[in-house]
Amino acid sequence: MKRIIYLSILMAGFLGLCFSPASYAAGTIKVGIVDTYSGPPANLSKDVLDGFKLAVEEINAKGGVLGKKIEFFTRDSKFNPAIGLAMAKELVLKEGVDVLMGTINSATALAVSELAKKEKIPFLVTNSRSEKITGEKGHRYVFSVAENTAMAGRAAAIALSKMPYVKYWIAGDDYEYGHAIAESVWKELKARKPDVQLLGQTWWKVGESDFTPYISQIISAKPDFLIAATGGASMVSFAKAAKATGLLAKIPIYQHTVVDYGIMGPLGPEGPVGIYGTVPYLFYYPESPSNKAYVEKFRKAYDRYPQMFALFGYAAGKLIAQGFKKAGSVNTEKFINALEGMVIDSPAGKLEMRACDHQLGLPMMFGKTMKSPKYNFLVAGDIVTIPYKDYMPTCEEVLKTRKK
Amino acid sequence: MDFIYTIISPSLLTQIFVGLGRTVVLFIVASGLSLILGVLRIPNIWHGSLYMVGAFVTFTVANAFGGGTTGFWMAILIAPLVVALVSLVVERSFFQHLYEREHLMLLLLTFAFSLVFGDLVKMVWGTGYKSVSAPRFLEGSVDLFKGVTLTRYNLFLVLIFPIVAVALWFLVNKTKIGKISKAAAVDREMVSAVGINVSWVFATVFVIGCFLAGLGGALVAPTVSISLGMDHTLIMEAFLIVIIGGLGNMWGALLGALIFGMAQSIGILAWPQFGIVFPYAAVIVVLLFRPTGLLKSTW
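Line by line, the protein sequences are chains A and B.
For reference, each letter of the first sequence is one residue, going 1 to 404 in the numbering used here.
For reference, each letter of the second sequence is one residue, going 1001 to 1299 in the numbering used here.
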């Protein structure tokens, strides 16, 4: 008998150990992040994570939200939708996360979004730029914190339509992001300025290292203007090749996010002067107190300047904290209701989470790379800020895509 | 010069020169791969990682010497040597024990090394994109003939080609180690039977092959963004080149690189929207008619 009692005590203790993480979990708000932390996209995902960490540290230092600290778990999806989805499932089922976040890979983002819909877990997309996330595949549980290709293209078209160029050439990475951004710029440009002509297109494989053969062909086609739809590491290679081949001296170029510090930083003082670009965040502009404070904190924590992606991580952290605070409890439905239409303070100014499609409205800055007396790399100059209300697709336009 | 343009347009001529520049880098990397494949019988996927490491070391060395012309030359000199040293350590500690294994095993082993090195590079250099500038005298472009503009760096690559090719030819055909390695490729046991230390011959060949990967990475560094993942793209192209040229045949690697580089640059001129398919289409055509590669395979 004694033996049985002893055994049952042991058993109870063991079971207690098994369940203790669950009881501990009641004290925190858990955020599960699935993103690519290896290979080429790691550069962008790490920036998102650093921005998010900064926000979480700020929030937790002030005692957290609703008396609970924010706790986060990261998983490396290796740029693979199947792995990413499995990781997201594991985070939901095993760790019991309250919110999901990620991912740079659009296919992974869409797969996790489906899971979020099924499991009723809010999912904040922090770096994929696919317009499908809040567009045709949008639903109640998914939110996009990053600017999408539809937004970027439309903002660029507003600026380009005011320029005198007529004969255009489109060149880019042969994958979804490249095609989506090019198509979006072109559709809007054609609508705003019907006399523009498309002379031709060039598409190279993702990860192409040598752009010279493509560029020399574009130069000989003599367009007035080149829309370069590249992403990731190719942005740096392409900008370099554009300068070395003399393309930039002959034909003006637009490239979304080329003015970002993540691209211009590595190129240093010898970077290509005069490329046009759009970007939702610059660490040196506008020189608002909130931006300065954020940049200072970021540099202290990571010993580098923040790229635009850090803003998305930071904004996601703010949204999570403010959302649960407004909801008053850790309740998914209340949290989602709270996020809809929520306005947060960010280094890029006040940002509104649009209630109709769950897309964060971001300002878009259009500028041109130029040398800076202050920094050892090129910065954006002649900046025109396009407020999000001027360029975002309307709620009706977005919701129409969902009905298809 | 004008009479040439009646036969060939300036834009085609430009594409040919540009394609030659690409060919040189592809040849340097693929010849190293082919050498290792021919003599050691290792399908070395890790080769791509060494190319990447070469580019990253170039970044570090160039910056250590303050960039500019000195930094560039020091980097071109030192980076391939660093890569060679790394490969020597790995060869002596791992590969030398595994030469007798079947090819699939070696393929998996080198693939594992490429994954490990992908992560090592991330740990050492971080995730950010890196960039090295070409020295001033190689920056910008130059008018070769009327209407034919070429980047100076491209021209530099084309000029470097004969140096590398002659050095390789000399190494393989005129030096003792070259001759022994050629013999070892044919009959490993016979070579060791006549009292030659095959293990060190193999190590030397392996290191030379890897040196070429590092040299390719160093030479390409000023024209690209040095980033994680640059190994994957290249290793695929290098393998295709080696396969169409004839496994293990150095001049096959040259021919393969030439076909690949030219198909790419001329294909772009012909049909820019679908330029990427041309080099692969060329590979298919070659393999349809010469399944064992263009030149004699040593396998």
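Hints were generated in silico from the structure; no laboratory data involved.
Incorrect hints may have been included.
Quick list of simulated restraints, FRET-style, between CB atoms [what the hints assert, rightly or not]: (1) B:S1011 x A:G268: 29 to 37 Å; (2) B:I1163 x A:S220: 42 to 50 Å; (3) B:M1236 x A:S220: 49 to 57 Å; (4) A:A249 x B:P1162: 28 to 36 Å; (5) A:N80 x B:M1123: 15 to 23 Å; (6) B:L1108 x A:S220: 53 to 61 Å; (7) B:W1200 x A:A249: 50 to 58 Å.
We treat Cβ as the ideally placed atom computed from N, Cα and C, and that holds for glycine.
Right, here's what the structure says about each hint:
1. B:S1011 x A:G268: 29 to 37 Å: Check passed, 32 Å falls within 29 to 37 Å.
2. B:I1163 x A:S220: 42 to 50 Å: violated (30 Å)
3. B:M1236 x A:S220: 49 to 57 Å: Hint violated: Cβ distance 29 Å, outside 49 to 57 Å.
4. A:A249 x B:P1162: 28 to 36 Å: holds (31 Å)
5. A:N80 x B:M1123: 15 to 23 Å: With Cβ atoms ~21 Å apart, the hint holds.
6. B:L1108 x A:S220: 53 to 61 Å: violated (46 Å)
7. B:W1200 x A:A249: 50 to 58 Å: holds (53 Å)
The structure shown violates the earlier hints numbered 2, 3 and 6.
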